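S.K.: Spelled out, the chains give:
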Amino acid sequence: MTDRREWPLYEVFVRGKRGLNHVHVGSLHAPDDVMALRHARDVYTRRNEGVSIWVVRADAITASSPDEKDPLFAPSGDKVYRHPTFYDIPDDVPHM
Amino acid sequence: MSDDLLNSDLGGVFDGLAGGESSQWAFGTGFEDPLAGVDTTVPDGVDGADLAAYCLMLGDDALIMSQRLSEWCSRAPDLEEDIALANIALDLLGQARLLLSRAAAADPGAVPALPEGSPVPGEDALAFFREAGEFRNVRLAEVANGDFAHVVVRLLLFSVVRLALLERLGASADQVLAAVAAKGVKEVTYHRDWAGRWFLTLAQGTEESRRRLVAALDALWPLQPEMVTAHPLEASLAEAGVGVDPAAVRDEADAVLDQVFAVSGVDRPDRAPLAGVGGRTGRDGMHTEAFGRLLAEMQVVARAHPGGRW
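Residue numbers (our numbering), protein chains in the order written: chain G, 1 to 96; chain S, 1 to 310.
No wet-lab data here; the hints were simulated from the structure.
None of these values were measured; they are calculated from a predicted model.
Check before you lean on any hint, since a few could be wrong.
[Unchecked claim] Here are the in silico distance ranges between beta carbons for each label pair:
#1 G:K69 to S:P34: 46 to 52 angstroms
#2 S:L90 to G:K17: 16 to 22 angstroms
#3 S:R309 to G:H24: 53 to 59 angstroms
#4 G:I61 to S:S74: 26 to 32 angstroms
#5 G:N21 to S:G45: 50 to 56 angstroms
#6 S:L79 to G:D88: 35 to 41 angstroms
[Said to hold, decoys possible] Which bits of chain G does chain S cover? Going by a derived footprint, with three or more residues having C-beta under 8 angstroms, they are:
#7 59 to 66
#8 74 to 83
Glycine is no exception: its CB is placed at the ideal position from the N, C-alpha and C atoms.
Please construct the entire structure, taking both the sequences and the accompanying hints into account.
M.R.: Structure follows, in C-alpha cells:
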C-alpha cells in the first residue's frame with residue numbers, strides 16, 4: 001500500500017546578494033535534506049534573490065515559547081548601558 | 001511575450017530592477033540581458049534562411065516542451081514540484097523566445113504575415129501564427145502528458161540531449177546562438193539534474209512508482225532516437241561551424257542515460273524508434289495527432305486578437 005505520510009517540514013534560510021547572513025524566508029516540505037535544498041531553490045530563489053541556501057528540519061529547531069517571553073526578554077528592556085552607543089565609531093567601519 | 005519588461009513603458013514599475021538604487025527590493029536585482037553586447041550579424045557564408053530554420057528547430061523544441069510542462073501547473077503531486085516544473089517551463093520559454101527572435105531576424109521571410117500595423121513581434125508571429133507543418137520540433141516534445149513519472153522520463157530524455165547540444169553550440173560561429181547556448185547550459189544542467197534525481201527516486205521508491213516509471217520509459221523510448229538523428233540542415237550547419245550535428249552527441253547521451261539506468265536499476269528499453277511518415281519526422285514538420293490539439297490551445301488567444309498588444 002502506498003505510504004501517505006506527509007514529507008517532513010523544513011525551514012529555509014537564504015543569503016541574498018547584498019546580505020551578510022542567511023535570513024529565514026519560509027518553510028517547505030521535502031522527502032530528505034538534499035531534495036529540501038532543491039525545493040528551496042525552486043520555491044524561494046525564483047526572483048534572483050539568493051547566493052546561498054540553508055535548510056534545516058523544523059523539528060530540529062528548539063524555539064522559545066511565547067509564554068516565556070517576559071522572563072526571557074523583559075529583563076533586558078531597561079539596561080540601555082549594554083548598548084555600545086557611548087563609543088565613537090569610525091566612518092569606515094561597516095555593518096555596525 | 002512581447003516587450004522586454006525591463007525596457008517597457010509600464011510607468012517605470014520595474015525601473016528599480018534594471019539597475020540604480022535598488023536596496024529597497026526584498027528580492028534580487030541586477031538582472032542580465034543574455035544578448036548584451038553580442039554581435040547580431042549573420043556569419044559570412046551562412047544563408048539566413050538556413051540559420052533561421054535551424055533556430056526554429058532548437059526554438060520549437062524548447063517552445064513545445066515548455067507548453068507541455070506548463071500544462072502541469074497546479075497538477076503536480078505537491079506545491080514544491082509544481083513550482084519546479086513551472087520554473088523549468090519558463091527557462092525553456094526564455095530559450096524559445098531568443099531562438100525564435102533570432103530566426104525572425106535572420107530570415108524575415110520565415111515570419112508569418114500579419115495584418116498591416118499589427119504590433120505582434122516576429123517571435124510571437126512564429127510561435128502563434130504558424131501551422132503544425134511549419135513547426136520543426138522533435139516529437140518527444142509534443143506527445144500528450146501522462147502521469148508524474150511520464151514528465152520525469154520525458155524531461156530526462158530531452159534535457160540529456162539538449163544539454164549535450166548546447167554545450168557544443170557555445171562554440172558556434174553565430175554569436176547569438178553561442179550566447180543563447182551559454183545561457184541555456186546553466187538552465188538545462190539543472191533540468192537534467194532534477195529529472196535524473198526523480199528518475200532514481202521513482203525507480204527505487206515503491207513498487208507502484210517503479211511500475212509507473214518503467215511504463216513511462218517504455219512509452220517514450222521510441223521517441224528518443226529522433227533527437228540524436230541529424231536532419232540534413234543540421235548536418236550542413238554543423239559543417240559550417242554554426243550548428244551542432246545531433247548524431248555527434250548520440251554516444252554522450254547514451255553514456256549519460258546508461259549511467260542513470262544503472263544507478264536506478266532499470267534496463268535500457270528494447271524498442272524500435274518511432275518511424276517517420278515517408279521518412280519525414282518532427283524536424284520536417286511531420287507531427288503526431290496530439291500536436292494539433294496542443295497548438296490549438298497555445299495559439300487560440302493570439303489568433304483571436306492578431307492586433308493585440310500583450
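S.K.: For every hint, state whether the structure bears it out.
M.R.: Hint by hint, here is what the structure shows:
1. G:K69 to S:P34: 46 to 52 angstroms: At roughly 50 angstroms between Cβ atoms, S:P34 and G:K69 fall inside 46 to 52 angstroms, so the hint holds.
2. S:L90 to G:K17: 16 to 22 angstroms: holds, 21 angstroms
3. S:R309 to G:H24: 53 to 59 angstroms: Given range 53 to 59 angstroms: violated, Cβ gap about 41 angstroms.
4. G:I61 to S:S74: 26 to 32 angstroms: holds, 31 angstroms
5. G:N21 to S:G45: 50 to 56 angstroms: With a Cβ separation near 55 angstroms, G:N21 and S:G45 satisfy 50 to 56 angstroms, so the hint holds.
6. S:L79 to G:D88: 35 to 41 angstroms: violated, 51 angstroms
7. 59 to 66: Our answer is that it is violated, as 0 residues pass the Cβ test (under 8 angstroms) against chain S, missing three.
8. 74 to 83: violated (count 0)
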